[in-house]
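Modelling step: build the complete structure from the supplied sequences, incorporating the hints.
First residue of the sequence shown? That's 1 in UniProt numbering, and the numbers climb one at a time after it.
Derived from the structure by calculation, the hints contain no laboratory data.
One should not assume that every hint holds.
Capping the alpha-carbon separation at 25 angstroms, the derived lysine-lysine pairs in BS3-like fashion look like this [unchecked claim]:
(1) 129 with 149
(2) 12 with 27
(3) 149 with 23
(4) 82 with 129
(5) 129 with 155
(6) 82 with 113
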Amino acid sequence: MSQIVKLDPIDKRLLELLQSDAKQTTKVLALKLNLSKTAVYERIKKLEKQKVIQKYTALLDRHKTNMAFVVFCHVRLTKHIKEQLVDFEKQVVQLQEVLECYHVSGDYDYMLKINVPDMEAYREFMTSKLTTLSHIGSTHSVFMIEEVKNTTDLKL
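Take a look at the structure:
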């Protein structure tokens, strides 16, 4: 587990601003926070060093990139032993169609978020990639009808 980092109100506001637009310059951020550019720069570097800020990325439009078909796939392994969990996790992280993978409680062991162009591509993914992974006992797929909320912002 990661160690919790104490954030003061300025750190929290800085993180909110960066989450809304990480391309803002230190000059713009300094004006919004009423700090010097150097102080903002140092705070950002500290937050990066502490791994509060893990990385910067661009969020793409699924529709414009022909990856609009979203599937949530529940996976049940044949046994709940550490070796199988580790093997499955090593294999699933290699699948480019899988954007997210969570080890979960309940009737299934994992929940995957998968993006592909369409149903045909999902069928191909299932038959040629996912179901060929070791230790899969069963899967259950749920298809997204409409996205109601999708955010990457953590409220601090």
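Going down the list of hints, with the structure as the test:
1. 129 with 149: The given pair, whose Cα atoms are some 29 angstroms apart, is violated under the 25 angstroms limit.
2. 12 with 27: At roughly 18 angstroms apart (the allowed maximum being 25 angstroms), residue 27 and residue 12 satisfy the hint.
3. 149 with 23: With Cα atoms ~23 angstroms apart, residue 149 and residue 23 stay inside 25 angstroms; holds.
4. 82 with 129: holds, 22 angstroms
5. 129 with 155: Violated - the C-alpha atoms of residue 155 and residue 129 are around 36 angstroms apart, more than 25 angstroms.
6. 82 with 113: It holds: about 23 angstroms lies between the C-alpha atoms, which stays within 25 angstroms.
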